[in-house]
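K.L.:
Once you've looked at the hints, dock chains B and R against the given chain Z.
As given, the protein sequences belong to chains Z, B and R, one line each in that order.
Note that the working numbering has the first sequence beginning at -10, numbered continuously upward.
Note that the working numbering has the second sequence beginning at 873, numbered continuously upward.
Note that the working numbering has the third sequence beginning at 2, numbered continuously upward.
Simulated from the structure, these hints should not be mistaken for laboratory data.
C-beta atoms are modelled at their ideal positions from N, C-alpha and C, and glycine is treated no differently.
Some, not all, of what chain R presents toward chain Z, calculated at C-beta under 8 Å: (1) I73; (2) L84; (3) G97; (4) A105; (5) V148.
Footprint (simulated), chain Z over chain R, 3 or more residues, beta carbon under 8 Å: (6) 30 to 44; (7) 151 to 164.
EDC-like, lysine to aspartate or glutamate: derived pairs with alpha carbons at most 20 Å apart: (8) K1367/B <-> E940/B; (9) K1254/B <-> D1325/B; (10) K74/Z <-> E86/R; (11) K1092/B <-> D956/B; (12) K72/Z <-> D83/R; (13) K1409/B <-> E1322/B; (14) K52/R <-> E5/R; (15) K72/Z <-> E81/R; (16) K110/R <-> D(-7)/Z; (17) K1409/B <-> D1244/B; (18) K1247/B <-> E1322/B; (19) K999/B <-> E1044/B; (20) K74/Z <-> D83/R; (21) K113/R <-> D(-7)/Z; (22) K1185/B <-> E1418/B; (23) K74/Z <-> E87/R; (24) K52/R <-> D44/Z; (25) K82/R <-> D78/Z; (26) K131/R <-> D44/Z; (27) K1367/B <-> E1388/B; (28) K74/Z <-> E81/R.
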Amino acid sequence: MIQDYLVLSIVLFCLGMLGVITRRNVFTVFMSVELMLNAANLAFIAFSRLHQTMDGHVLAMLVMAVAAAEAALALAVVILLHKHKSRLDTNVFSLLKG
Amino acid sequence: MEHSVTYLGYIPLMPLLGALVLGLLHLFTCRGKALPELLYGALACIGPLLSFIFALVVFFHLKGLPAEERFLVHNAFTWFAVGDLHVDMGFLADPLSSLMLLFVTLIGSLIHIYSVGYMAGDENFGKFFAYLNLFLGSMLILVLASGPVVMFVGWEGVGLCSYLLISYYCKETENVIAGNKAFIVNRIGDLGFVLGMSLLFWAIGAGGFDYLSLKANVDKIAPATGIAICLLLFVGACGKSAQIPLYVWLPDAMAGPTPVSALIHAATMVTAGVYMVARFSFLYASHATAGTVVAWVGILTALLAAIFGMFQKDIKKILAYSTVSQLGYMFAGVGIAAYSAGIFHVFTHAFFKALLFLGAGSVIYALHHQQDIWKMGGLKSKLPKTYLTMMIGAFALAGCPPFSGFFSKDEILFSALATGHTGIWLVGVLVAGMTAYYTFRMIFLVFHGEPRDAEAHAHAHEPPAVMTVPLQILAFGALFAGFLNLPGIFGGSLKVSQWLAPSLVDHHPHVSVWLELLAILTSIAAFAIGITLAHRKFGQGAQEPEFTGFAKFGYHKFYVDELYNAVFVQPYKAFGGLISRFFEPYVTDCHVRLSTWLYRKAGMAFKALQVGYVRVYAIYMVIGLSLMSLFLSQTIH
Amino acid sequence: MITELLFNGFAILAVLGAVGLVLFRHPMNGAMSLVVTMVSLAGLYALLSAKLIFALQLIVYAGAIMSLILFIIMFLNLQEKDLPEESGRWYYLLGGVVVIAPIALFLVKIVKTLPGSEATIVGGGFGGIKEVGLVLFQDWLLPFEIVSILLLIALVGAVVLAGKRRLGK
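Isolated chain Z, as found in the complex (with noise of 0.2 Å):
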């Protein structure tokens, strides 16, 4: 029962982690992270039933403290590379090549 929750975790992530290594466009990334949080937080959820404690639901609205101030951060950083390129292709930013 709760292992099925744990594989739906598993593949939510999975699918964040794929949206974050295949897509080029800055939304899409931002939310596929987002998604990996989410996917985190089930999993914290579901071990918290298994364990009958409640410390998975205090990490868990940790997670979502930490993902609004990652959301409010990206989002000006997405604003402030738009404003500079008017684009959103992850691939235009290529400031780390030496």
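P.N.:
Showing chains B and R alone in chain Z's frame:
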């Protein structure tokens, strides 16, 4: 019988502390506003003067003891102990080192005081005195050392300081080259010293490696080994004391400031070689063959340097060759086992050579750094004090009775005659005449006759008292030091030789009074002939001659420098060039180059992975995770 | 019986939403799919009797964060020409699946080793606001405070990043 006293360690410590304080002061102030010179001068003179006071204390302490107990030792700490080799940072004061101590600290102090006047206005005043103090401190370590290893510390210290001070005016390339020359030639000698020391340790070092233990064990050395040790140590002495074939650095050492020359020639450095041979007298005395070699090398050096000295025109070069020549006498003395005579000549020579150098410094100072004697003349009336004191020094150097040089030199020559070394005696008498000739050639040209450079002559004036007072003290020493060791024929009793007897393996042959009288009379005759020739030739306003034939050969020092350059320096340089051009790039550097090449190529290959897109880096990470998962999956069933 | 039905339904919806996020070309469509996933997850949290998290998921995630994302997407007024080319998208997806499959299989393998426990009955208070709050402020006080500082920093950072250009002028 030895006595342990702590204050021995303070003697070298005083100038060394002075060097430290002065050096730090100089370092911290050289960029900003300089401290007053008086402060530096006072700080610089305190150390040597305190050492001199301690030296007096040591002397009187020794004097109060019975003759066979005159050994003061102080082991400050154990320096290192490896297997049989146990080396203490130990100091030994016996009659020999106490005599050295007395004149090294006295003359060193006087030179320090003189330098305060001579170096006034120099921009690196503090640095100069730091080096000077270090120099004196190293020499005191050398003199007081209780064993060869500690002696070597001082030995290297004076070598280093001579390098620093010879190239003190380092803005001119030739001065730096002169400093390098001194250092490199000294290194060659040092190698001999180290080898000799190692051989000595190998032979008898296990029984304790200080002089007293070595002296007790000296009989255990095989004759051949003993001769080898003596000769190797003598190579070291040759380097330090400028004997054939390593004498070439000393005349070039003139590049340093004049007080430095005085210090090198009189009190420190060059006397180290003679002192070392005397210190090992127990070794040399039992190997007469080595002693004979030492004596002949010494007397030939004396002859060669005297020939060079007759033709030089730089006042300091003349004095430098006279030093080499006198050092030759000293080695002749210690070589024929007349150790006390050799050391006594070191003692008197220190006074009159310091006097002559400081006097020459006064002349140079008065003439605004003019060193060519053919551009001087008639300074007698302008520099009366300098003239008088230098005259005393010249008489002492030339060996005129009753000045100090006469007694010490005569003692050596008489010993040579008495022990049957007639050849050495003959050459010695010849050199005595030549010494008188070139010394008075210098005196006549500088002080007598008409001024050759009227303008410089007009501006010349006596230097300040801080410079003339040391001259007068030294003149007093040069005049009367000889009476300390009056031989029996003059009613004396060889006091210095008796004083030194506990430290040295000395022997005085008993020969007839006539032989002694013969030695004295020939010496006086040689002096008289030399001074007469000099007076006839240079007494009245001689003009600079064109050097031709032998004179030119002599002026160019028999082209020995050029010969060394062609035979040793150039092939060595060519060899080095060969190494750097072929061996280094193709053999040693090749490994390094290969590895850098490999890394560069590997970097080029991996550079392709660095595409710069964040997404691609994420892909790398995921690939890594994936591979890890594949691997870890094997472990789960 | 009914819980299994509900679980299956929510799970299918969540996976469909996630697949939609990854496949849709336009981020607006992707965002709408993500909302579907989030709401389904909220339902799953309810099934796991996490009442507070169920509410927060709906309010914070599906509500606040997603509306912020949608707002920005619309704010930038994305046209078809603004979107990246992504011509080889299908090959990338295929490659991505191949690379990620081992990870997924590995994780599933681990999960299968867990003791298969049937859902037990929990007390009525489990996952309620009061109970979670007690745990949060008793055992997790320090992380809570750190997260509050993190949120403050994020706030300042967002202001600095977004306001920089205007200040420059």
